[in-house]
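Undergrad: With chain A's structure known, arrange chains B and C on it following the hints.
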Amino acid sequence: MAEPILYLDGVSVSFDGFKALNGLSLIVESGELRTIIGPNGAGKTTMMDVVTGKTRPDTGTVLFKGKHDLTRLDEARIANLGIGRKFQKPTVFDSLSVFENLELALKAQRDPFAALRFKLDGAQRARIDEVLALIGLADRARELAGILSHGQRQWLEIGMLLMQDPELLLVDEPVAGMTDQETEQTAELLRRIAGLRSVIVVEHDMEFVRALATKVTVLHEGSVLAEGPIDQVQANERVIEVYLGR
Amino acid sequence: MMAFVSRACVLLVACLVLLAAPRGAWAQDAFAEAAAGLAGSFDDKIAAIDKLAALGDPRAVPLLQALSDGNLLVHEGDNKLAIERDKTAYDAVTNQKLGPSDAGYDTARVNNRVRGVLRGALGRLQLASPDRAQRLAAAIDVFKTRSIDNLPIIQGALARESDPEIRAQLQVSLGATQLLSDKPEDRLAGVKALAGSSDPDVRAMLVQERQSPNVDPKVAAALDAAMGAMDSRLAMLNLVQTVFQGLSLGSVLLLAAMGLAITFGVMGVINMAHGEMVMLGAYTTFVTQQVFRAWLPAASEYSLLVSIPAAFVVTGFLGILLERCLIRFLYGRPLETLLMTWGLSMILQQVVRSLFGPTNREVASPSWMTGAVPLGDAVTITLNRVWIIVFGLLVLAIIVLVTRATTFGLHMRAVTQNRKIASTMGIRTAMVDAFTFGLGSGIAGMAGVALSQIDNVSPNLGQSYIIDSFMVVVFGGVGNLWGTLVGAFLLGIVNKFLEPYSGAVLGKIFVLVAIIIFIQRRPRGLFALRGRAVET
Amino acid sequence: MAAATNAARERAPVLLVLMGLALALLVAVPILNTLPEDSPYRLSDFSVVLIGKYLCYAMLALSIDLVWGYCGVLSLGHGAFFALGGYAMGMYLMRSIGTRGVYRDPILPDFMVFLNWKQLPWYWYGFDHFAFAAIMVVVVPGLLALAFGWLAFRSRITGVYFSIITQALTFALLLAFFRNDMGFGGNNGLTDFKDLLGFPLNTGATRRGIYVASLVGLVGTYLVCRRITRSKLGRVLIAIRDAESRVRFLGYSVTAYKLFVFTLSAMLAGIAGALYVPQVGIINPSEFSPANSIEAVIWVAVGGRGALYGAVIGAFAVNGAKTWLTTSVPELWLFVLGGLFIAVTLFLPRGLIGLIGLGGGAPRGLGLDRLLPRLSVPKVPKPRRGDG
Chain A
1 MAEPILYLDG VSVSFDGFKA LNGLSLIVES GELRTIIGPN GAGKTTMMDV VTGKTRPDTG
61 TVLFKGKHDL TRLDEARIAN LGIGRKFQKP TVFDSLSVFE NLELALKAQR DPFAALRFKL
121 DGAQRARIDE VLALIGLADR ARELAGILSH GQRQWLEIGM LLMQDPELLL VDEPVAGMTD
181 QETEQTAELL RRIAGLRSVI VVEHDMEFVR ALATKVTVLH EGSVLAEGPI DQVQANERVI
241 EVYLGR
Chain B
1001 MMAFVSRACV LLVACLVLLA APRGAWAQDA FAEAAAGLAG SFDDKIAAID KLAALGDPRA
1061 VPLLQALSDG NLLVHEGDNK LAIERDKTAY DAVTNQKLGP SDAGYDTARV NNRVRGVLRG
1121 ALGRLQLASP DRAQRLAAAI DVFKTRSIDN LPIIQGALAR ESDPEIRAQL QVSLGATQLL
1181 SDKPEDRLAG VKALAGSSDP DVRAMLVQER QSPNVDPKVA AALDAAMGAM DSRLAMLNLV
1241 QTVFQGLSLG SVLLLAAMGL AITFGVMGVI NMAHGEMVML GAYTTFVTQQ VFRAWLPAAS
1301 EYSLLVSIPA AFVVTGFLGI LLERCLIRFL YGRPLETLLM TWGLSMILQQ VVRSLFGPTN
1361 REVASPSWMT GAVPLGDAVT ITLNRVWIIV FGLLVLAIIV LVTRATTFGL HMRAVTQNRK
1421 IASTMGIRTA MVDAFTFGLG SGIAGMAGVA LSQIDNVSPN LGQSYIIDSF MVVVFGGVGN
1481 LWGTLVGAFL LGIVNKFLEP YSGAVLGKIF VLVAIIIFIQ RRPRGLFALR GRAVET
Chain C
2001 MAAATNAARE RAPVLLVLMG LALALLVAVP ILNTLPEDSP YRLSDFSVVL IGKYLCYAML
2061 ALSIDLVWGY CGVLSLGHGA FFALGGYAMG MYLMRSIGTR GVYRDPILPD FMVFLNWKQL
2121 PWYWYGFDHF AFAAIMVVVV PGLLALAFGW LAFRSRITGV YFSIITQALT FALLLAFFRN
2181 DMGFGGNNGL TDFKDLLGFP LNTGATRRGI YVASLVGLVG TYLVCRRITR SKLGRVLIAI
2241 RDAESRVRFL GYSVTAYKLF VFTLSAMLAG IAGALYVPQV GIINPSEFSP ANSIEAVIWV
2301 AVGGRGALYG AVIGAFAVNG AKTWLTTSVP ELWLFVLGGL FIAVTLFLPR GLIGLIGLGG
2361 GAPRGLGLDR LLPRLSVPKV PKPRRGDG
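Chains as they are written, first to last, in the numbering used here: chain A, 1 to 246; chain B, 1001 to 1536; chain C, 2001 to 2388.
Keep in mind that the hints were calculated from the coordinates and are not lab data.
Just so you know, even glycine gets a beta-carbon here, dropped at the ideal spot from N, CA and C.
A hint or two may mislead.
Derived BS3-like pairs: lysine-lysine, alpha-carbon spacing no greater than 27 Å straight-line [claimed, not checked]:
hint, chain 1, residue 1, chain 2, residue 2
1, A, 67, A, 215
2, A, 89, B, 1420
3, A, 19, B, 1420
Across the chosen pairs, the derived CB separations fall in these ranges [as the list claims (entries may be wrong)]:
hint, chain 1, residue 1, chain 2, residue 2, range
4, B, 1513, C, 2113, 28 to 34 Å
5, B, 1353, C, 2199, 37 to 43 Å
6, A, 149, C, 2347, 27 to 33 Å
Only chain A is shown next, with the shape it has when bound in the complex (with noise of 0.2 Å):
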């Protein structure tokens, strides 16, 4: 049985007094595609943030492999190890073209000497190319970033980090803002993507969650409250009463 991809156990976090997490304990097993589901203010964002090493736990562990202590390294190392995240807000990066950002993801040497020789090789080439056909935008390659449009800088988004090539991915609603067919289109990609990889998945669109039938995770005032398929986690009494209200 192979070590979970991701390994949380009693974390907290607090900012200002407000508790954002509260003794999440939580396993995403190698190769899983996991939904994360919650109302506002559960911490599912903060949540990522302590996976990807932008906001530091105070307490509880946070492990990636088995390994891998999370709560010690900073962004960059995180990301180096392999970890991807995409975030509510697309960002991309609005002066360079779709090309470059996919180029800046590509999986690399990150040091600025190394960058400062770089030369895109053949093999390097056409895995862009493969991802732009992926995520739909073979044919704005070389156009500013800026101008795309809301769901195309979504998939951007996503294709930067599929280049990232993480084991594990963390999406943080991809579907926000996005068109139904674009919806369709992006369960489509995050189950193909996932088997290989590990993907957490944070949505609200309950229709998205549907249809990408995984295992369902319902996070409530900074911990777990509920887990299990979705038409399980749907018919949890705490779970209708969280979401309904008092």
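TA: Relative to chain A, chains B and C alone:
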């Protein structure tokens, strides 16, 4: 028999008459006799001076003073003494006018030896003077020109003296003189008398005494104890002085930085022209003063008080104007705002330079602000700085009141914490911005009023304080008034503490470097303000 | 299909134009200077030095553009690096005076003799060798930038905070170098130089020589900056400018990149300062003044920080205006300069080159630059083989 009685009566009467005769006459003779010696050689003069001093007659004072000043004349023929005033000779004893001073008179000369004796003698005589100021000066003088011969004189003066300040000084002088005695008990007494002083001169004297060879062990011990006590007292007073100076500097920084903290906190605007607002406030004070002098000279004392609201209005209004016309277009772009306001600052400086000239302008302080309060001998608390500390805290209190208790203050705080939500709630953020900027500039103007009292008013006034103001804001946490308060006073005090060790310039460098390093630990300052508006 | 120009691309035609200009300056100025005195086309010695100064300013502007225009790091204290390089050169020039000084001391410069110093301070050792001084010109600003940058970037100090503390840095140095006991000449600075590498400084030949060196320096700086901005390194810098934290999540150490470019920029500024000093004949602490650094930034802003040549244009334009105005209407200069700051930030965020439609990537202002007719149609750059 009768003849004997009558002869005895005559003798008795004669004695009585002699005894009852004005002592002045007899004394006159002794005095005149002693004074006559002043016409002679240097040795004669010294003897005469000593005699006059021993006599204690206050008439000797103008005589000896004239000798010291070179105004004592000796008439060639009869060696009569005269004092020269305005080219006319006056009799030295009777003060009768004698005639022109160039008619057969020689100036009585002195050499250094004579001068030395003169000084002491004058001192001793002045100790008995009816004029209080003279007595005090004499008491200090006797301290400076110590001579063991003065001992009985000082003791005598002490017995007569009732004024507490002069008594205190006399006791110090006594102690200093006693140190010169041969007898260790006297010296011990002297040390004891001096131990209570905080005068650095006294301490120097004790050190000298301690270092002299053949010091009696008991006296040495007493000296050490006295010096120890004095040192700790001096250190304490030094501390007080440094703290006071630090508070004074801090209050200036507080006034200068308050406006900056507000505009940066609420609007995210770094205003490089802030220093010029301070400068304009100082110039407003100057102009107000000139107006008062020209049209209301009787009320000149009040020009400073009038300057305060005047400066607030002038700079506040200018601030609102600038915000509406220029700054609001760069909202959300702090780096560009920084550059633009720098350009503004150059223009403002040049305008003032063209209007008022590049040199310093004199701004007078009203009488209730001048003067100082000495604390012991080592510390002086100048009144104007005290008032500025008070003023600074007062302004802070008012601003805190405005932010907490007024609607405008509420709006300001709302906009600081979340601009978007505030605007959706109906708060007119544009107006809040304009008035906030006006408020910040107005406070800067009032800082200028305060600064005009302690610093030179020139077009460059703002530049000297802008970097410090920024440091205070960065250190104390942006947008936070308490942070500004703590930061300003802390920086002021630290600056002043470093000064004696490193000089003003190096001290400033240390502070700057320390702040840079401090920012590593707490990048958002001491009291970081939470809120999205502050993120740059 | 919109495809605005990309800040990272200095297109080949532009490069050719610039190289042409440089060649022209290289050839024309010295030739015009060596014309006989009575010729109407003669370029005076004063003008040679003036243009030489502009070249050094342009180098400084380039170094600022590299960190600001491309990486978004606004340093308001770059004058400090310029001055440090200048002082290093000044120290070499001082030591090469030897016994020709007023006090004729073979080792101690005049001002030290005047202060009654008996010995050369340790930090002056080695400056009698040009090679050492040349190394110091680059190393001292570089080390300072490295140390300062490491402290600042590691703590993730950005934006206005960073700019303010760079001001504080240069201000602290100003205060320090003013002190006589620092051993750098106090408020008089270092001056009365006699020669450089044996060439007397007051001859036309030497002036021309230093001028050419400055031109070479400028071209070299430009090429270095261009190499960086066109590489992947340059793209990472642009990405950092656009969205710093996102770059971190991609696995790049933002601190390392900022440090690299900040240090390099400081070294380039140091070289500029070193070339500047023999031309003006003096280096004093006022070079550290915060106002100088801010003025240098406005050169870049006026020219246009979206492209490297914008910095060069800005440096020449603003300093040209300054020379002209301070000689004809001096009281007006400060008004003009202040006005420039305001005008550029409000109306010309892309600078002069933005006015003619070149250079991209800078933020929009009131958009007046969009109202002006475009003088050239931006081309879509073709992907090149091995482009990286």
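Undergrad: Hint compliance check: list the failing hint numbers for this structure, sorted ascending.
TA: none
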